[in-house]
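**Q** Protein chains in written order, with this note's numbering: chain A, 104 to 446; chain B, 104 to 446.
Hints in this document: simulated from the structure, not taken from any laboratory.
Heads up, none of these hints are tricks.
As the list makes no split between identical chains, a pair holds if one copy fits it or if it spans any two.
Keeping only pairs whose Cα atoms sit at most 30 Å apart, straight-line, the calculated BS3-like set for lysine-lysine is:
| # | residue 1 | residue 2 |
| --- | --- | --- |
| 1 | Lys-233 | Lys-416 |
| 2 | Lys-416 | Lys-202 |
| 3 | Lys-345 | Lys-333 |
| 4 | Lys-416 | Lys-182 |
2 protein chains.
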Amino acid sequence: MRQDGFTIGVDLGGTNVRAAVVDEQGHILGADRHRLQSREPPQVAEAIVRASKTACAAAGIPFAEARGMGVGVAGMIQKGTGMVLNGPNLGWRDVPILKLLAARTPKIPLFIANDLSAAVWGERMVGAGKGVDDLLVVLVGTGVGSGMVQGGRLVTGGSGVAGEFGHIKINPVAFDPSKPSQAGRLCGCGMRGCLEAYAGGQNLAAWARDDLRIGAAAQRAAGQPVTAGKRLLELVNGDPEKITAAAMERAAHLGDELSRRLLDEAARLIGFSLGNLLTVLNPTKVLLGGGVLANSPRMTRLVIEAVDLYASKVARAACSIGAPALGDDAGVVGAALLAREAA
Amino acid sequence: MRQDGFTIGVDLGGTNVRAAVVDEQGHILGADRHRLQSREPPQVAEAIVRASKTACAAAGIPFAEARGMGVGVAGMIQKGTGMVLNGPNLGWRDVPILKLLAARTPKIPLFIANDLSAAVWGERMVGAGKGVDDLLVVLVGTGVGSGMVQGGRLVTGGSGVAGEFGHIKINPVAFDPSKPSQAGRLCGCGMRGCLEAYAGGQNLAAWARDDLRIGAAAQRAAGQPVTAGKRLLELVNGDPEKITAAAMERAAHLGDELSRRLLDEAARLIGFSLGNLLTVLNPTKVLLGGGVLANSPRMTRLVIEAVDLYASKVARAACSIGAPALGDDAGVVGAALLAREAA
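Full structure from sequences and hints, please.
**A** Next comes the structure, spelled out in structure tokens:
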């Protein structure tokens with residue numbers, strides 16, 4: 104163990120809890136990961152402590168010597184209180200996770216953050232954004248999110264909900280109530296026309312199912328053979344419910360027009376929204392990641408092409424675009440390093 | 104004079120230079136304003152020093168006792184060097200204004216900022232954004248710009264060009280080169296589909312001229328009497344070149360359909376873009392100002408309605424929307440207070 108001690112980083116998702124013992128260089132000295140048995144807040148708090156202790160044991164370090172514990176939670180964190188206002192994947196509303204943890208680890212300073220903020224901080228400190236004071240990380244997976252560092256500091260927003268890149272609306276008529284025929288796709292947040300409603304993995308699949316139905320109906324009505332999304336359907340054994348963004352990506356490679364069109368459109372919309380963020384925020388580096396993009400060099404290329412098209416020239420010229428470096432470790436490492444700063 | 108001294112704030116536009124002696128409370132103790140006789144950089148530097156000395160004389164304070172001088176310049180400032188990379192209203196490219204001023208006032212610490220950043224800082228410190236750590240100021244006048252404070256700090260961006268709200272693209276097809284029929288309006292920056300190309304005062308007038316021509320041609324072609332924008336044309340004595348955003352506002356009040364439609368559309372586009380910024384940045388206060396909006400309570404109302412429609416619910420709920428309080432003084436006061444912080 105190094106002289107300046109270690110902190111614990113926790114990444115709490117809707118399914119798993121991960122914990123790691125992290126030194127001041129961001130190295131993971133020991134880690135644990137296990138599936139949540141329950142999403143009840145007290146049980147989750149217990150699971151976090153258990154995972155942390157297991158990680159310490161793996162590192163051969165006493166839990167009581169941790170200088171702090173940072174917990175990244177998949178949800179909206181209230182600034183200052185460590186309360187999870189809304190954690191859809193956990194089914195949480197107004198859960199005082201800081202309080203629940205403090206009761207179980209009274210001697211260890213705690214820090215609660217949004218999981219994406221923690222991951223961004225990990226990349227900023229020891230990953231692909233190391234040393235970058237104006238950094239933007241965009242992750243396109245099941246959901247679409249972002250995290251920002253500006254002037255070397257994590258941006259959390261006035262009430263802690265900054266970074267909702269996936270809920271940018273993609274165009275001004277997308278859900279204008281006076282023009283229902285142009286209404287945008289419905290997002291999980293309840294609004295219409297959000298970027299995530301098009302580009303998030305689950306929503307991409309739903310979009311493909313809708314377009315399959317519409318395309319097939321149109322071909323039937325025209326007395327044509329039904330070919331819309333044929334290759335995609337073959338890949339999922341004819342069951343539209345089994346369509347995923349990954350299946351669409353494979354189908355697109357096999358020449359499936361429908362999959363290709365939707366993935367390309369999603370990439371263009373991501374790039375459009377990202378280009379506008381470049382124009383306003385002027386980051387010097389953007390990291391593009393998340394399952395959907397990591398799985399698709401073609402989409403990533405199209406995102407960058409759209410950024411080139413839409414961002415202001417001076418902002419684009421100042422910005423390089425790359426990929427995150429820490430993968431799944433970003434969250435635990437970032438949470439641990441945030442706890443170190445807060446301690 | 105107060106114990107902790109005074110600083111000088113300068114606001115350099117394309118036409119005028121203003122200077123003020125400002126105390127630590129943001130009070131103006133003396134001021135000067137005069138028209139630039141030349142836009143040659145050395146002459147402008149002289150004019151800035153002269154205005155500053157006149158302001159000191161008006162306040163009865165020796166110039167040499169200034170603790171610092173902050174200069175807000177209408178242009179793009181290079182971070183760290185005080186170089187004006189691009190100041191379209193001054194016709195400047197790569198002008199080392201900091202160096203030119205330092206040669207003339209060797210003993211006074213200098214600070215160069217974008218004029219809008221200076222104005223935002225003025226509002227943040229002693230205006231309508233006093234005490235607000237996450238503040239967004241949007242000004243719609245001849246141009247469309249914004250300035251941001253996040254976590255209590257002015258956001259300048261990685262290379263100093265953050266805040267270009269007017270160059271957000273308003274929708275993904277607005278200037279897609281593959282769809283020229285849907286191409287957006289041309290912006291002064293050379294790109295198409297920028298918010299400013301629709302909502303900036305000069306561009307609003309150009310838009311009205313274009314729509315007048317198109318509307319009149321269509322009515323003529325249909326053998327109808329030419330009524331498009333009739334009231335607006337009357338207000339400018341039949342000369343389309345005299346159309347201004349202010350004339351459009353008056354015409355709209357008199358029932359001119361064309362003026363009303365364009366102003367309303369501009370307001371909706373401002374609100375759309377602003378709503379998306381709320382979603383990503385989560386400010387707790389927005390100040391809406393600038394000549395076009397200050398002149399039009401109806402547009403301001405429509406902007407807010409569009410923000411309500413497009414911003415994510417949680418971000419909107421956390422944010423109040425008001426107007427700037429300092430008017431033309433914001434720039435000099437903000438520049439002076441920035442110099443105080445930098446000193």
